[in-house]
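Given the coordinates of chain A, work out where chain B should sit on it, guided by the hints.
Chains as they are written, first to last, in the numbering used here: chain A, 1 to 296; chain B, 297 to 574.
Hints are computed from structural coordinates only; laboratory data are not their basis. Please note that a few of the clues may not be correct.
To be verified - Capping the alpha-carbon separation at 30 Å, the derived lysine-lysine pairs in BS3-like fashion look like this:
id	chain 1	residue 1	chain 2	residue 2
1	A	K61	A	K117
2	A	K165	A	K114
3	B	K500	A	K75
4	A	K126	A	K61
5	A	K8	A	K165
6	A	K165	A	K75
7	A	K61	A	K165
8	A	K8	A	K61
9	A	K126	A	K114
10	B	K301	B	K369
11	A	K22	B	K355
12	A	K114	A	K75
13	B	K301	B	K355
14	A	K126	A	K80
15	A	K75	A	K61
16	B	K369	B	K500
17	A	K126	A	K75
18	A	K61	B	K500
19	B	K500	A	K165
20	A	K61	B	K369
21	A	K8	A	K22
22	A	K117	A	K165
23	A	K8	B	K301
24	A	K80	B	K355
25	B	K369	A	K75
26	B	K301	B	K500
27	A	K22	A	K61
28	B	K301	A	K61
29	A	K22	A	K80
30	A	K22	B	K301
31	B	K338	B	K355
32	A	K114	B	K500
33	A	K80	B	K338
34	B	K369	A	K22
35	A	K117	A	K80
36	B	K500	A	K117
37	A	K80	B	K369
38	B	K301	A	K75
39	A	K80	A	K61
Here the structure is a predicted model, which is why all the values come from computation and not from measurement.
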Amino acid sequence: MSIITVEKLEHTYMEGTPFAAKVLHGVDLTVEEGEVLGIIGPAQSGKSTLIQYFNGLFIPKQGRVVVDGIDTAAKGADMKALRQKVGLVFQYPEQQLFRETVGQDVSFGPECLKLPKDEVRERVHKALRQVGLDPEVFYNRYVFALSGGQKRRVAIAGVLALGPKVMVFDDPTAGLDPRGRQEILETIVALHEEHRLTVIFVSNSLEDVFRLVDRVVVLDRGRVAAVGEPREVLSDVAMLDRVGLGRMQTVEVLETLRERGWDVDLRNLGVEDAAREIARAYARRAGKEAAARGTL
Amino acid sequence: MELSKDITLGQYIPRESPVHRMDPRMKITLWLVLMVALFFVKTFLGYALVTLFLAAVMKVAEIPVDYGLRGLKPALPFMAVLFVIQLMFSGSLFADSPNVVFQWGFIRVTTEALRTYTLVIIRVLLLFLSVTILTLSTSLVSLTDGVESMMAVFRPLGVPANELAMVMVIALRFVPTLVDELERIMKAQMARGADIETGNFIQKTRQRIPVLIPLLLNSFNRAEELIVAMEARCYRGGKGRTKRRQLKLTRLDWQAVGIVALFLAVLFLQGYYLGPPW
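The shape of chain A in the complex, shown without the other chains:
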């Protein structure tokens, strides 16, 4: 069952000014309940604009966006309820932290919902655990004494504390060191596997997308260029080149071999799969050469 449906969505920034720029040209898209959907595309492809439609920060003027049965453009659509259902984590979310301690900051969302005190506390504890921060240790820590990766996880907890069904992450690993990246990715996997959240994952790293997602959408200058399984989409070298996205390292290696006449299948994207495929192709080649020598 689809939880978000986007139909013929268009968006123009600075409409009615000399700086008007159309960034979405009729996007159609569905997000299935319980899946991890990846959205990739080069800069200016409309990714960040698109995701702001998922929780009603933008209301469609052309096209339709339906989230869990709510048409976001309908009069009297309950925006607060919508934003509770769809949690949106922006790029560099640690910049939105504004309270002294971790506990206080994560409480902000539940407090806005006017929940009773003990429920606020309970939600904050749960959200902190969900992002892998021990509430006993971190609840009273000062926000500004945390590392970049920890701050980011606190910010994610701040959105999780609203109790969303869908979590949208806009480039959540940008600017983090390898360890911080790893922790954020593990957090996202856990949210999906243990807490059964639907996850929308926007990223510039094809490797991360391949590891995490069930389905991937490629945006190209405000249009959907491809949708499908990561194996198929991320090995479609012609499409990736046309859109201006790079390639995964494994694809790069396999494609180079293919250009040199090796018989390899590009859809072996995982590092180990790729290694096995290369070994197989090597064996086949060696066999062929031996056979060729035999006939001579």
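Positioned in the frame of chain A, the structure of chain B alone reads:
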């Protein structure tokens, strides 16, 4: 939600119009002259003439009228409050006027007060519009060059011309940047449950806190980065700096002087012969 749509301050529309091509020094001078002249206009007809003149300048500068006017929109509520306050507390200024429109306790509104303060509001809006036209048609680089070279006159008095120009330019330059940032933070807080759009005055003020704190913090970080970037490029103020782009007055500038002088003459004559009440 898109804040930047209504902010015209600090924006620049690149075009090749005569207004764009003018020497920034002359443009700023004429603009100052017009601003001063505005304070001597005391009739509706006079303001109508100024409005027409500004409209003509916008036409020549290829600035879309609706975009130019858009910048006034955020100022309107403020203007309305100002208007009401002035009306309420100005009774004593027009104490001897018999034309009372409305009286309640010490609040006494007369036709004279209404007329005067309507004119004041129009004047402020026109001032704002003229600044908008100036910045929309002048790139930041020429604006700095112009301001700096004009302030250089005061350098013997110890006025740091280059530094002041730099301060002005940085302030203008960061208006759009901060607007974008404000929008981003507001959206981020809305995404985690903040209700920024509804509520009464006190609630609304309280709801600014989650927005203002990150905005201030980020601004300080930005300022620090800017300082480092300037240091890294060996910025040491204006001393000993030379310029690749030399400012030069051309025929165009003198034509502009002629046009403005002609307009001021019309404005003066109209005020002198037709005068109040219109």
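Evaluation of the provided hints:
1. Proposed proximity of K61/A and K117/A is contradicted: the alpha carbons are some 39 Å apart, above 30 Å.
2. Distance check on the hinted pair: K165/A and K114/A sit about 19 Å apart at the alpha-carbon level, within 30 Å; holds.
3. For the proposed pair K500/B and K75/A, the alpha carbon gap of about 23 Å is at most 30 Å, so the pair holds.
4. Between the alpha carbons of K126/A and K61/A the distance comes to roughly 37 Å, so the proposed pair goes past 30 Å and is violated.
5. Between K8/A and K165/A, the direct Cα distance comes to roughly 24 Å. Compliance with the 30 Å bound is thereby established for this hinted pair.
6. Of the supplied pair hints, the one linking K165/A and K75/A holds, its CA atoms being roughly 23 Å apart against a limit of 30 Å.
7. This hinted pair checks out: K61/A and K165/A have alpha carbons roughly 25 Å apart, not beyond 30 Å.
8. The straight-line distance between the Cα atoms of K8/A and K61/A is roughly 11 Å, inside the 30 Å bound, and the hint therefore holds.
9. Taking the CA atoms of K126/A and K114/A, the gap is about 18 Å. The hint holds against a cut of 30 Å.
10. Proximity of K301/B to K369/B is assessed by CA-CA distance (about 11 Å); at most 30 Å being required, the pair is judged to hold.
11. Taken as a hint, the K22/A and K355/B pair is honoured in the structure, with Cα atoms around 26 Å apart against an allowance of 30 Å.
12. For the given pair, K114/A sits about 24 Å from K75/A by alpha-carbon distance, which is consistent with the 30 Å threshold.
13. At roughly 21 Å between alpha-carbon atoms, K301/B and K355/B fall within 30 Å of each other, so this suggested pair holds.
14. Between the alpha carbons of K126/A and K80/A the distance comes to roughly 21 Å, so the proposed pair stays at or under 30 Å and holds.
15. Of the pairs offered as hints, the one joining K75/A and K61/A holds, with about 13 Å between alpha carbons and a cut-off of 30 Å not exceeded.
16. With a C-alpha separation of about 20 Å, the suggested pair K369/B and K500/B falls inside the 30 Å cut-off, and the hint holds.
17. Taking the CA atoms of K126/A and K75/A, the gap is near 34 Å; set against the 30 Å cutoff, the hint is violated.
18. For the proposed pair K61/A and K500/B, the alpha carbon gap of about 27 Å is at most 30 Å, so the pair holds.
19. The hinted pair formed by K500/B and K165/A meets the criterion: a straight-line CA distance of about 28 Å does not exceed 30 Å.
20. For the proposed pair K61/A and K369/B, the alpha carbon gap of about 22 Å is at most 30 Å, so the pair holds.
21. Proposed proximity of K8/A and K22/A is supported: the alpha carbons are some 14 Å apart, at most 30 Å.
22. For a cut-off of 30 Å, the pair hint linking K117/A to K165/A stands: about 22 Å separates their Cα positions.
23. For the hint pairing K8/A with K301/B, the CA-to-CA distance comes to about 24 Å; that is within 30 Å, so the pair holds.
24. Annotation: proposed proximity of K80/A to K355/B is violated, straight-line Cα distance about 44 Å (limit 30 Å).
25. Taking the CA atoms of K369/B and K75/A, the gap is about 25 Å. The hint holds against a cut of 30 Å.
26. At roughly 22 Å between alpha-carbon atoms, K301/B and K500/B fall within 30 Å of each other, so this suggested pair holds.
27. Restraint check: the Cα-Cα separation between K22/A and K61/A comes to about 13 Å, which is no more than 30 Å; the hinted pair holds.
28. Annotation: proposed proximity of K301/B to K61/A holds, straight-line Cα distance about 16 Å (limit 30 Å).
29. Between K22/A and K80/A the CA atoms are separated by roughly 28 Å; this keeps the pair inside 30 Å, and the hint holds.
30. Of the pairs offered as hints, the one joining K22/A and K301/B holds, with about 14 Å between alpha carbons and a cut-off of 30 Å not exceeded.
31. The straight-line distance between the Cα atoms of K338/B and K355/B is roughly 26 Å, inside the 30 Å bound, and the hint therefore holds.
32. Between K114/A and K500/B, the direct Cα distance comes to roughly 16 Å. Compliance with the 30 Å bound is thereby established for this hinted pair.
33. A distance of roughly 51 Å separates the Cα atoms of K80/A and K338/B; the hinted pair therefore is violated under the 30 Å criterion.
34. With a C-alpha separation of about 24 Å, the suggested pairing of K369/B with K22/A holds against the 30 Å cut-off.
35. As the CA atoms of K117/A and K80/A are separated by approximately 20 Å, the hinted pair is consistent with the 30 Å bound.
36. For a cut-off of 30 Å, the pair hint linking K500/B to K117/A stands: about 23 Å separates their Cα positions.
37. A hinted pair counts as satisfied when its Cα atoms are at most 30 Å apart, and K80/A with K369/B qualifies at roughly 28 Å.
38. Under the criterion of a C-alpha separation no larger than 30 Å, the hint pairing K301/B with K75/A is consistent with the structure, at around 23 Å.
39. For the given pair, K80/A sits about 20 Å from K61/A by alpha-carbon distance, which is consistent with the 30 Å threshold.
Going down the numbered hints, you'll see the structure goes against 1, 4, 17, 24 and 33, while the others check out.
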